[in-house]
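For chain Y, the structure is supplied; the task is to place chains C, X, B, F, U, Z and S on it using the hints.
As given, the protein sequences belong to chains Y, C, X, B, F, U, Z and S, one line each in that order. FYI, the working numbering numbers position 172 of the first sequence as 212, with every residue one higher than the one before it. FYI, the working numbering numbers position 55 of the second sequence as 95, with every residue one higher than the one before it. FYI, the working numbering numbers position 81 of the third sequence as 121, with every residue one higher than the one before it. FYI, the working numbering numbers position 154 of the fourth sequence as 194, with every residue one higher than the one before it. FYI, the working numbering numbers position 123 of the fifth sequence as 163, with every residue one higher than the one before it. FYI, the working numbering numbers position 116 of the sixth sequence as 156, with every residue one higher than the one before it. FYI, the working numbering numbers position 73 of the seventh sequence as 113, with every residue one higher than the one before it. FYI, the working numbering numbers position 50 of the eighth sequence as 90, with every residue one higher than the one before it.
It should be emphasised that the hints constitute simulated quantities derived from the structure, not laboratory data. Keep in mind it's a predicted model, so treat the numbers as computed, not measured.
Below, a list of computed lysine-lysine pairs in the DSS-like style, where the Cα atoms sit at most 30 Å apart:
| no. | chain 1 | residue 1 | chain 2 | residue 2 |
| --- | --- | --- | --- | --- |
| 1 | C | K213 | Y | K50 |
| 2 | X | K213 | F | K50 |
| 3 | Z | K213 | C | K50 |
| 4 | S | K213 | F | K213 |
| 5 | X | K133 | F | K133 |
| 6 | Y | K213 | C | K50 |
| 7 | C | K213 | X | K50 |
| 8 | Z | K133 | C | K133 |
| 9 | X | K133 | C | K133 |
Protein chains: 8
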Amino acid sequence: MRTLERDQVKALLSAVQSGSIGIDDAVERIRTLPFERIDHIATLDHHRELRSGIPEVVLGEHKRAEDIARLLLALSGGGGGALATRVEAAKAKEVLAAVTGARYHQRARIIEVVPAAQKPVTGGDIAVVSAGTSDLPVADEAAITCAFLGHEPLRIDDIGVAGLPRTLAASEKLRDARVVIAVAGMEGALPGVLAGLIPAPIVAVPTSIGYGVGAGGLAAVLTMLATCAPGVSVVNIDNGFGAAVCAVRALGRA
Amino acid sequence: MRTLERDQVKALLSAVQSGSIGIDDAVERIRTLPFERIDHIATLDHHRELRSGIPEVVLGEHKRAEDIARLLLALSGGGGGALATRVEAAKAKEVLAAVTGARYHQRARIIEVVPAAQKPVTGGDIAVVSAGTSDLPVADEAAITCAFLGHEPLRIDDIGVAGLPRTLAASEKLRDARVVIAVAGMEGALPGVLAGLIPAPIVAVPTSIGYGVGAGGLAAVLTMLATCAPGVSVVNIDNGFGAAVCAVRALGRA
Amino acid sequence: MRTLERDQVKALLSAVQSGSIGIDDAVERIRTLPFERIDHIATLDHHRELRSGIPEVVLGEHKRAEDIARLLLALSGGGGGALATRVEAAKAKEVLAAVTGARYHQRARIIEVVPAAQKPVTGGDIAVVSAGTSDLPVADEAAITCAFLGHEPLRIDDIGVAGLPRTLAASEKLRDARVVIAVAGMEGALPGVLAGLIPAPIVAVPTSIGYGVGAGGLAAVLTMLATCAPGVSVVNIDNGFGAAVCAVRALGRA
Amino acid sequence: MRTLERDQVKALLSAVQSGSIGIDDAVERIRTLPFERIDHIATLDHHRELRSGIPEVVLGEHKRAEDIARLLLALSGGGGGALATRVEAAKAKEVLAAVTGARYHQRARIIEVVPAAQKPVTGGDIAVVSAGTSDLPVADEAAITCAFLGHEPLRIDDIGVAGLPRTLAASEKLRDARVVIAVAGMEGALPGVLAGLIPAPIVAVPTSIGYGVGAGGLAAVLTMLATCAPGVSVVNIDNGFGAAVCAVRALGRA
Amino acid sequence: MRTLERDQVKALLSAVQSGSIGIDDAVERIRTLPFERIDHIATLDHHRELRSGIPEVVLGEHKRAEDIARLLLALSGGGGGALATRVEAAKAKEVLAAVTGARYHQRARIIEVVPAAQKPVTGGDIAVVSAGTSDLPVADEAAITCAFLGHEPLRIDDIGVAGLPRTLAASEKLRDARVVIAVAGMEGALPGVLAGLIPAPIVAVPTSIGYGVGAGGLAAVLTMLATCAPGVSVVNIDNGFGAAVCAVRALGRA
Amino acid sequence: MRTLERDQVKALLSAVQSGSIGIDDAVERIRTLPFERIDHIATLDHHRELRSGIPEVVLGEHKRAEDIARLLLALSGGGGGALATRVEAAKAKEVLAAVTGARYHQRARIIEVVPAAQKPVTGGDIAVVSAGTSDLPVADEAAITCAFLGHEPLRIDDIGVAGLPRTLAASEKLRDARVVIAVAGMEGALPGVLAGLIPAPIVAVPTSIGYGVGAGGLAAVLTMLATCAPGVSVVNIDNGFGAAVCAVRALGRA
Amino acid sequence: MRTLERDQVKALLSAVQSGSIGIDDAVERIRTLPFERIDHIATLDHHRELRSGIPEVVLGEHKRAEDIARLLLALSGGGGGALATRVEAAKAKEVLAAVTGARYHQRARIIEVVPAAQKPVTGGDIAVVSAGTSDLPVADEAAITCAFLGHEPLRIDDIGVAGLPRTLAASEKLRDARVVIAVAGMEGALPGVLAGLIPAPIVAVPTSIGYGVGAGGLAAVLTMLATCAPGVSVVNIDNGFGAAVCAVRALGRA
Amino acid sequence: MRTLERDQVKALLSAVQSGSIGIDDAVERIRTLPFERIDHIATLDHHRELRSGIPEVVLGEHKRAEDIARLLLALSGGGGGALATRVEAAKAKEVLAAVTGARYHQRARIIEVVPAAQKPVTGGDIAVVSAGTSDLPVADEAAITCAFLGHEPLRIDDIGVAGLPRTLAASEKLRDARVVIAVAGMEGALPGVLAGLIPAPIVAVPTSIGYGVGAGGLAAVLTMLATCAPGVSVVNIDNGFGAAVCAVRALGRA
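The following block holds chain Y by itself, in its conformation from the complex:
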């Protein structure tokens, strides 16, 4: 319950107590306030976000530059941070002209408004790994989102299974990670192989890198879902942002 809502109910109950409103009328007034009650759920969520330092994030893909700018300004008002994902370079230029203090991560296509008072960032609990150099933009989206949410990830790139020694060498470094985000296109075999080598859960991100039967990420997403190595779960193709939220959520309140 938000303060406002709590005050409303309190006032109502005081009126009941004082006899200025009858019980039946009070019952009816409580009955007609479903939204506030439900909204209080969202309020609790909001409290959690404030508490854990996770600001809201704007999905920029189908929004106009002016709308993205307006949302970033609103979210970062009062010195907070804000993030917009999937913003193409041309659109980003427009946004940056309107939002002071915003910076653009070009390869990741992310606009970030750094909060005035930078919150402490922990590191190493999450690792973001990628199979090939073409998967880097999606890996970047995941990594920048993690950092924005307070968890600077370990990054290891270009460890696809076609060059297995690289994969094995990397797996050694991943043994202490609490969650691993594994980004891969083409046939997408990396997460399943990793899951057999390390103890952390793998959040697999198929990418749209590929051609022929792998075009658009189809082969990768099917491979990742069908893997017989337990410990792998999958997000949508190219959804580095979503994987980052899964990883940060898994770290939890501690």
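Chains C, X, B, F, U, Z and S alone, transformed into the frame defined by chain Y:
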């Protein structure tokens, strides 16, 4: 490195130390033992498993009763526990006749060999929820696997979004879960709705319950991957076991 | 708000009024009753259902006979009616043995419990038409559901477009229908053709009747969605029940 | 039968009556006029359209600007209104130069010719809701079409289920709608959730907004068809126009 | 116009002529007889069928034995012939017990009622060829239908392109065919290869014979549609009957 | 056998006859001319082509302008005609600059070189019909190809089944056609409806016109294959050329 | 050219030489013998088969027991060997009763007739590896076919990448293989990983083992085609026989 | 083991021998060097590559010009050769400006750095054939890769099965090839037909050439996988490079 392997290397080094073998010969012998070296990775894994109390699990679906029985006996030798998933009733009957102390969870199609010395089981960190009564076998598979791996889950069933009040009521109880496994067939909307209500990561399990365009779980798996609510990752259709491993891994070493 | 719930709140307010409970405590108790509050939404729904004479319906496909029987008895308790869809003959036999007064519509695979006090049934507002004789079971499911919900439909069968004169003749009889449920398998062209001939909205039901590229209803569902004749909307393959609910809802409160 | 046609038949019958033509010849002449006879069906349709105030609509997508202009002029001749959908901005500019009194709804990509004598527009029977801001163009297409057909809809936008409190709040406002058009991309869960909350039939419009497995609207259309909440029927991806016609037809003659 | 219908109109016109019915009433009565008018189209069709000796055919797949029997009796009444396709052996046995003079083609799954007065059958204009022995049932369905419709086809089997010399040898024999029905499963390459060798149009029938990516005939139907050899058109998977009708129609009236 | 080839063999045989070459050597020379031998099969084909007036046709889609020009010049050498399909406007301009006497059919994207001595063209045996105005380019490709191959087709456009009276009126005019090419996009229902109305075989051409589930022609091609009206066979999406060749082949030698 | 054919041509040339047949007649007779010429190609093939010891193989899946028996007897007549693949146990029993000396490999579903004079079998050039125990039947089909064709393969099973150390250990043993057949279901990642470790070409066989999105082998076949590790080529799902033929062909004549 | 690594191990063993490090410490240090050990596997691979003259190859498709240039320079350092595939013309121009001695194969989209000391190239063992002129770029990619890897292939183009005599003539020339790479788009029937005519294994490359149901190469890849002619294995659509590596690997060490 297993003890055996460590002993081999030790003996070799002793021989070098004593001069009974030359350095070049020793280099060559080390070079020709790739398997033990790699096997040592598996060994480390094995150590982790012993340490975290997670025994191996048999996928029973395409195996013969006699093979399942043999594997369960091997795994549970010395008083350990063992698990076999996706075992049909008829096959399970054969297995149980051969494996003393095994029990069969019929709806979940799981055979479990309870370890002699039951390890302490923690509870409540993981929640397993399901959308409809037809999704119960898959939810059972997830829940029994969690418990077997040392984490008795909270269970809430039949909370599909077609009856949203049930979903909302359940979400209140899920606020303290550290990981939520959400099992749903048909259109599979439950995980995305939950992700907007609670802070835990959702491991979504599409089920093959459905007909028409939802037959075999197709609509459910696509919905879960495509959800715009961040915090949902997905395993293969009906893969309750895999979701449980993801959840237990996310709880980590702590 | 159900009576029970209303009584709970009333008691609480009385306690506030009488001073036996403080305002802050009362606020807190209201805050911790989210379910009743949400349930009250369901309650409103329930009121609507009682008012419009639409009892709940059991999807029998993945339920055991004993569960179907138990649900039907609960729903029809106190002389009300109840319906269970997609119940195979063998299972239906078991259910009927347990539920007095239930009857089985074999072709439609529906079990119906007729309410003690039969409510007045209106007719002719809804028409259920089908393309071929193989589509009859799904057309039956739609028609029986409509009747159960208080609207005896007009039935015209076997009017597929391969024999266009039949289609045209039928369309004359459909000019006064307020909603038309059109059931068709194979290439599923009937709804689009009808939409060009009559003023009512068409709720199209693709059926799984077909073979080759039409197997499982794929061609039919795509055709119906892709039709260039406006006025057609589509439900899942074989979902006669869902189409009936759409049609009855469209008739509304009047 | 159009007046022209009726006059033709009358003249023929007069000739029979007067004996100036033999019965066999008259039979033959009637036999050879199939088109007028069939056309009379179209004529009846036309009468209905005039009666209900629903003018024809031009699908502009694959037509050249000059053709769209010509059609709009023909349809709106004599002071009537006319509508062309799916017209890109550049093409629209050309059309507007040729059609006096036409206006362009840019986001909806609709050209509208407002009739000279504006017919009375009723409101509130239809509601058009959308899940996200990216779905607005399709929601606009539906809403503008409804208004053009005489039914100004209630509009509620951005109520996707990832932010469930918004959905619930909106559902309260939808309780009196007679038909709800629900527009959603990504995973398309909104219509199914709404159907569990409100009594009106839902005409669901999947949009092509989405990426990865949701690209082109695939996940949304499957989800909407597969929903287990009865009361949802679906039109083609992005087909806001078609949904509007369904809704207006459902309101019927009353 | 059928005799019956013609008589109706004649009577009406006589009444006009005699003055016993007014012209306006007569106009109205003509207006309300759309079906007969449209039916006259069907009547013309029927005339063509009588003229060309093509009786109707029953699709037996989803019909009960008793319904098939009833239809065959009706169609063959008065000494005519009749055909029912896709009738499984067990069902056929029931049908044959009820329909005197019917015979069952087991491999083709066809029941045939030979007409009392056998019409002259021409031969050689149509050829039915098949790629492998597993395609024989579908080739049989095509061939028996052709013969039943008055055109005994040339049969050449097992000429798949994996053994190209057989294909080439067969192509020599096909040079005089006016239409070739080519039946093939697996990769379905036969029709395209034949089209490059012979002058006749090829009606290609993909069969459901195949496994893996060819399961259900998918690879075959795509290959046949995608062939770059002009002169091939395709019917549904396993639709030997449909191909036969295409071929007989192509021979036309001559 | 081409003249050249025939001369070669003749010379060889003359040499045998005159004794200037031994029999074994002659056998060997015949053995080592596989191509001519095989080419003689093509030669027979060529003879048929000359006899029936059907010149070769160039698929222009993936060829460069210079290659198309060269092929057209080669094919039309000596006063013959030639055709190139699927040539975009820009490329066509280049080709026309290089090929004297060629003309470009813009909507059909066809370049035609009219033969010096125009062969007599028959008309009316083939009809080309289309469902909507967007299908016209493909219908044009079919019609121009037919005419080029000596058969001027009857054209009837815009007779899609959403406006059934147009379809019925057109079907009257199609009763004398020997083959009907039916071109349709969107849901592709036209061919199946026509097949129930007229005696000619229908060569159905799905077009890529459509959106959502009909995008690229998917719904149309499935509908046409799955139609339950016998007498329809299907070519690839947008393949008007292929349909024309099927139709002309069906007319045969007569 | 077969002897018979050669003799025919010789006789013809002799007749030319002696003047008993004119040159034009001889040209015509050569023209009319295309088949023998082409058949001679098949003859060469046959020679190759005799030379390399590769007898024909019967695909038993859609053939009746009696047909399989007949074919095996024909192929093995004169003491040769013969093979029939995809023969279910019940059918195999019937075949074995009719074919003396045949044996049945149950797991591989192969019937083998061992030739009277066993040809020398070489070993080790081909390796057949499999990912899981469920893939064994397909691996067996490949291995038995290889041995039957004269190449006893090295077998290593259960080396799937989920247990990478096994894979790595196996790869050491595969370094000397000239061709590796890699059989895998589920996500099918084994061939791609192996291709990065060993120099031989990998013939990948996806199996139908899998469930959910991997059902029927879909994920496996896509993964194998999409792998970014060069050196992998793929055969149809479960096609162990085809892979064996590829491998044996690759060993060639040497 | 690389020299560096070997030296490390040697130094360690010397320290053991001299007693300057204890055995347990040495064991531990060996345990902590997994990468070098695994790297030694890669090292062996590298040795093989040097031995067989196969340099690494850069996949240029998703890389920037500067990255491609850098990689080519690194790979060709010291006078070696290097190859980059899938480089568009504009990007290639940039690369060539930076890499001295590189040349661009435009149709194949390959950049090649010819090694200083050209290694001897053998010819004729591999054949690269293509079905149509549109398949030439992919055939070029395969052929140039083969040549770069030391095997100049035989090239035969435009031998698609729609003109079977060309196919047959070509097959004569392919009888001595040890591996045949067959490139085909559209329906992709060429590899299956060839496999029935020649003894070599066929590595089939589907191309993305095609339209309608063949768009993107779908029909071709399915046809090639489903072919019933044994001896065909398939790589990804347009993957000429991968096919070349398969072919060169099949030739092996000899």
